[in-house]
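For the record, the sequence lines run as chains A and B. Under this note's numbering, think of the first position of the first sequence as 2, with each following residue one higher. Under this note's numbering, think of the first position of the second sequence as 1263, with each following residue one higher.
Hints are not guaranteed to be accurate.
The list that follows gives simulated cross-link-like pairs (lysine to any residue, SDA-like), each with its CA atoms no further than 25 Å apart [as the list claims (entries may be wrong)]:
1. A/369 <-> B/1354
2. A/369 <-> B/2028
3. A/369 <-> B/1350
4. B/1484 <-> A/375
5. A/377 <-> A/35
6. B/1442 <-> A/37
7. B/2009 <-> B/2028
8. A/369 <-> B/1484
9. B/1442 <-> A/317
10. B/1442 <-> A/161
11. A/369 <-> B/1387
12. B/1442 <-> A/377
13. B/1484 <-> A/377
14. B/1264 <-> B/1407
15. A/394 <-> A/317
16. B/1442 <-> B/1501
17. B/1415 <-> B/1388
18. A/369 <-> B/2009
19. B/1484 <-> A/48
20. A/369 <-> B/1407
21. A/369 <-> B/1317
22. B/1442 <-> A/394
23. B/1752 <-> B/1680
Beyond 10 Å from chain A on every Cβ pair, some chain B residues (computed) [as the list claims (entries may be wrong)]:
24. 1351
25. 1355
26. 1507
27. 1638
28. 1769
29. 1920
No lab work stands behind these hints: they were computed from the structure. Where is the CB? At the ideal position from N, CA and C, for every residue including glycine.
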Amino acid sequence: MNALTGHFRSHVCPYCFEDFLLSDTPYRCANPDVRRCPPEVDALREAVWEDDTRRPRVVRPPVRLFAEAARCETCSTVSRQRLCPHCHMELPLGLGRRRSLVFAVIGAKESGKSHYLAVLITELRKRLCADLDLGLDAVNDETRERFRNEFYRPVYEEGRTIVATQTGRRLQNSVRQPLIYDLNLFGSGRHRRIRRSATLVFFDTAGEDLDREESIRIANRYVCRADGIIVLLDPLQLPYVRRRFRDPRLLPSETGETSEILSRIVRLIRKGRRRQTGRVPIPLAVAFSKFDAVGSVDGLVGPQLQLHSHPSHDGGFNVADYEAVNDEMQSLIASWGSADLIQQIKGSFTTFGFFGLSALGCNPHRNKRIPHVIPKRVEDPFLWLLYRHGFLKKSKTR
Amino acid sequence: MKSLQVHYTSCRRGLSGRPGYQIRGLTPGIEPAEEMEIERRCSYRPPRSSPPEPDPETLPLLPRDFRFGDLSSGRPALTLTTYVGRDYSGRWGNFFSHTLVFTDEPTLWPIDYYEWEGWKSRLDDEDAEPESLPAIDLKTEQAAESFTLQELKEFLGEEPDRVRWLELMLRAVFAGREEKRPLVIRDTPVQGLYWLACIHKAFPLPQALSLSFSSYQFEARKCSDLNVTTAATAFRLDRDEREYRFYVFDLLSGEASEVPSGTDDFPALASRWMSEEPAYLERFHAFARSFDHRDVDHDLTHAARLFDFLEGRRTTLSETAMVDALAFAERSAAPDRLGGLLESCCRAPGADLETPAELALVIFMIKTAGRTAHPEHRRYAVAAWRDCFERRAWGGGDDFQAVRLAFRQLENRLVSNPRKLAGELLPISDSSDGHLGGGQVPEEVLLFLLDRTVAWLTELALPRVGRDVRVTRLIEALSVRADDPQLLGKILDAGARNPGVLADFCTFLDGASPLLGACLAERLRRQPDDFALDVRQRLESRSHRQLLMAEALAIVGESEDPIVTFEAYHRQMATRMPATWRRQVGELVEALHRSVPEQYFCHQALIWLHEELLAEVPRQVATWLAGLINRQISIDPEAAASERHAGRLRQLGERLGIELMPDRPALRAFLARVRASEPVLSSCDCELLSHARRLTPEEYESFVAEVLPAVLESISDHEEHGQVVTNLACSEGRDRFQGIYHEWLAKKRKEPWDESREAALGFWLRCDPDSSAVTHDPGAFRRQVLDTLAQQLCRLKRESWAGLVQRLNARVASLATWQQFRENLEHQRKRGLGRLFRRA
């Protein structure tokens, strides 16, 4: 997508998820001299986000077509920082030139969403980007700082679990702010030109936010506008699996909402899309987290399964591996007495895949310490979604 | 006062039915919208510098968020959030929020509930089933001992800069309300609480309740009005935040935002009181309850200054400060507290106040008494005004205008019982005697007191108000300058509310000044007709005729339209006071004549002629006016406009026996007869002709030119001829008369000789040239006439003129003139024959 074509299609704000055209976007004045252009409270931002912070002035959208910048009426500084016309949040700079992919990571309380995101993004940057010739960069300081302070540092530097995510009902809470990254796929030629690019938007939500209808309306509007959903299910909540665990202290508290969470997601999306019937066309990656803990219990997961292997995604998405894992996971679920879960997903989504993964590679339930991080298949759902959206090609390796 | 409770934390069992952050329990009665709002308030993130997994000893050291603010429903809510570390699952990051929702307004400063023993900081039993919480009665709750004003005084005294910091913080609160810049204080958690307490408790409770606060704010967004934060939070407190977003007081680094300067304002006063006299601040808080004022704005400065003044701490206030303070009090005073405020004002030291400030205070008291309508308050207000009056009136009268203004308020606000008010104020007049002697009391004061005394006596329905000694005493004091018309007028103004009083004033002042009549006229002109007549009748009955005459003359003389004024006066007086009118009318008409241009006056006289006013006026005036009218009448019968006037004037003259000179109506009638070829000349007519000599030269000339030939032509008697000639001829028009006469004489006729010329010849032969007014050289004119006649006679046949000569001879033979005429006649005759012969 080049800059010009971006002006002819609508975009989705990664914050408020409203559609807008590039020609309608105002700009945020870029003048650093607050004396020449004093900051002020952005009334729209205050109304939408309860954010009464004084910020540089809002510059009206320029009249000319295909404008990429605007000049501040007060100080004449040229600004390129676009704002969402509906909520006045700063939009990623590449918006319009890049495709925007919103991936929602949702799941029940304690299903490991925050840990999954922490490890996924770290794995992407450290390992997979090299394998797949990808580039992943945070689009703003907020994403960079938040990821570092709230996700990376506890897990990788301090070896402890991430604190429980607070509910997103408090609007000004940083929980409502997504993690936004630019993802570039480089070409293989001498100049390594960018072949494809996308803006990735990850949401880490509190499990409680899926509880109540009003919370869903406020905090999870993004789910129905997502381009892909990774739903993390905790296998340790399945009754069959729990019964096989000898030491109950290693188990999280029982919530009994594994299938219910899927029902709520389907209801939420249908409400958001105002379609009460039919299957949801959003690709759904059903990922069973904490698979290392399940694998440690004898007889739950056979040792010969493809799930135990380390897939290679060199040059693209390993489809053969995915298909094998998908089949294995469905078999396992059925064998664990939760075949209704599979039927529920088949009846609700047009595109879905089953995955098993472990973000940490260890069970921190007892003392909340993470001695080491050995992720397993943590990238599979994400790469599958990229593949489904045509961002990645099929890998030639098997 | 009931308070509803909410517990919020991450727990296994809560109201949602699922584990996680949720409301664990609440008191029934909290609305769903309030629940959601409370949930949004419940958030906690420990400082970044705190250990990620604090041990049990460290946990209590983490700052607690004690948060206060109104919910959208309007109910105040107080939340204490404590970090508890692990949740039911063992994960870190859990906190416990205990919220109290007040169903009524708190009776303590919110910070005082910090030490309430009922605060929960963690779940007692994780596995217990959630149950509804009871409502709490906080009515008997005592203020936190840590935050008593005495404790806060000690806190401020611990470091020398703290009072100054507090003053700046308070000023920043004011500025921040206007600029939407919250206050952010960075200090240790404990000291932060004390700062919050100092700021909050500097304000009276209603204002404090309008200020939201948080004792530990992590996020730099959606701040309360007052925020305490610590190091390692989301606040950067950089230049942007210091100068634009917040009013920052970073007491850890010593940096602070620039705060607007101010002196003697609420921040200065409150911080001083708190640091020096907490009890005084407490009294101010009690005083502030007198007002229905809840905003944190500069009205608090007014309240503080007013309090300071009423407490006697400051003996004076500037005019602006006093006016603003009282305006605030008037605007905001609670109805049930007005009385107390009024009593405080009564005790206030008013003696040192500048007049405008004292006036403002008195007016405030009056207005307040008017609002409460309480007899005691009314008494306070009246007493305050009396004090103010006596200080200004007997003390030289400076700024007395202010006292008058205050009195106007007194009259307007305490109007419900004017009789009582008059009774309360009349003693001022009684006591005035002691001050009038030295002549030091200014005129303004005396006039005011005179005016009011009359009003009060009238209100009390006392008899003979105008002659009351309290009144006359004041008039006496004033009348030393009776030559000042303005002063006289003002004195009369004081009595002008009652005809009897005004008449009494005039009686008292009559003779004191010749200007009294004019002043009275001025006052009566503004009054209704009946009022004026009443006064005049009273004056007439007391024989103040000169005064009445002066008044009448002033009415006419000083009016912008004297004629209209005269007419109005005439209509009024002629019917109601005819005797007075008759006495006055002559002088009035003359006055009118003096003040009105001639043509207007004459025109008016014509109107009066037709309205028969002239019949009412004295004969002398009527004669004069008839003369004026007479001058307006044209003798030309063709001038129709004069016809009506002439007839009416003639009737008037006949009725009143007025002799017109010249009698233009008669001359006009005579001329009409001449034109109608009816020159029947009577003896009256002969006399009338003499009036023609009084006509204007032009009129005279035209009259003679028309009348003389016609009349002479009809006369055959030389005596009548003579009468006509002598009556008509006048020295001024002599030349013209001679010319007309000679023309008539020389005029060619069918008959060479007739009786009229014979009558002329008879007259001229007999007339005494010396007594004739016809010519200044009678001899010459007579000769000329006789020559002419002689020439005409010569044209007759001899026997014809011989008979005539013979007849004439019999009558005038003895005269020398006749001899000359005969000789001349002979000469003429001979000269004619001789010419004939010489020609032959």
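Exercise. Is the hinted pair residue 1415 of chain B and residue 1388 of chain B satisfied, with a Cα-Cα distance of at most 25 Å?
Worked result: Distance ~43 Å between residue 1415 of chain B and residue 1388 of chain B Cα, so the pair is violated.
Exercise. Does residue 377 of chain A lie within 25 Å of residue 1442 of chain B when you go C-alpha to C-alpha?
Worked result: 51 Å, violated
For this session: Compare the distance between the alpha carbons of residue 1442 of chain B and residue 161 of chain A with 25 Å, and conclude whether the hinted pair is satisfied.
Result: 41 Å, violated
Problem set entry | Proposed proximity, residue 1407 of chain B with residue 1264 of chain B (alpha carbon, max 25 Å) | 22 Å, holds
Exercise. Is residue 1484 of chain B within 25 Å of residue 377 of chain A, Cα to Cα?
Worked result: 41 Å, violated
Exercise. Going straight from one Cα to the other, do residue 2009 of chain B and residue 2028 of chain B come out at no more than 25 Å?
Worked result: 23 Å, holds
Problem set entry | Restraint status (C-alpha distance of residue 369 of chain A to residue 1354 of chain B at most 25 Å) | Given that 25 Å is the threshold and the Cα spacing comes to 8 Å, the pair holds.
Exercise. Are residue 1484 of chain B and residue 375 of chain A close enough, with their CA atoms no more than 25 Å apart?
Worked result: 40 Å, violated
Problem set entry | Distal placement of residue 1507 of chain B relative to chain A, Cβ over 10 Å | 5 Å, violated
Problem set entry | Restraint status (C-alpha distance of residue 1442 of chain B to residue 317 of chain A at most 25 Å) | 54 Å, violated
Problem set entry | Restraint check for residue 1442 of chain B with residue 1501 of chain B, where alpha carbons must lie at most 25 Å apart | 17 Å, holds
Problem set entry | Check on residue 1355 of chain B being off the interface with chain A, judged by Cβ distance over 10 Å | 3 Å, violated
Checked against the numbered hints listed earlier, the structure breaks hints 2, 4, 5, 8, 9, 10, 12, 13, 17, 18, 20, 22, 24, 25 and 26; every other hint is satisfied.
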